[in-house]
Amino acid sequence: MPDNTTLARRHNVLALFQAFAETQMRAGVPPKGLEQRFAQQLQVSPSMWSQIKSSRPIGDRLARQIEVACGQPAGWLDQPREAAGPSPAEQQMLALALQAWRSTNAAGRKRLKGLLKELAASSG
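Quick note on numbering that gives the first Met the number 0: the sequence shown kicks off at 0 and runs consecutively.
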């Protein structure tokens, strides 16, 4: 079982990616390729980034490298943080999904659910 530092580092690096992705998309950058751009910012391969976000422990050296690349102070990645609620962009998406859900019939809800599942499966 991963220790607290391992969990904190993974949680925090995922939060850094979330912030990076939201900033990029607000600037008009398409979502396709964001993972590769973030890996490039961290100065790791896309394969390494994929491992980091899923299961690879982040060692001390890599943790400091990530912090520098993302403009965070040394040790920032190691600090457990409360899970953040939905970001403003996520809140807008949830509100839109809820509006769509409530404004349609059972067939529309089934279609909406299917589309979301399809999108989730293709992004993983």
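Among these hints, one or two may not hold up.
Stated by the list, open to error - Keeping only pairs whose Cα atoms sit at most 25 Å apart, straight-line, the calculated PhoX-like set for lysine-lysine is: (1) LYS52 - LYS109; (2) LYS31 - LYS112; (3) LYS52 - LYS116; (4) LYS52 - LYS31.
To be clear, the hints were calculated from the coordinates, so they are not data collected in a lab. It should be emphasised that the depicted structure is a prediction, and the values quoted were computed from it without experimental measurement.
Hints, one by one, checked against the model:
| no. | hint | result |
| --- | --- | --- |
| 1 | LYS52 - LYS109 | violated, 31 Å |
| 2 | LYS31 - LYS112 | holds, 22 Å |
| 3 | LYS52 - LYS116 | holds, 21 Å |
| 4 | LYS52 - LYS31 | holds, 17 Å |
Comparing the model with each earlier hint shows a violation of hint 1 alone; every other hint is respected.
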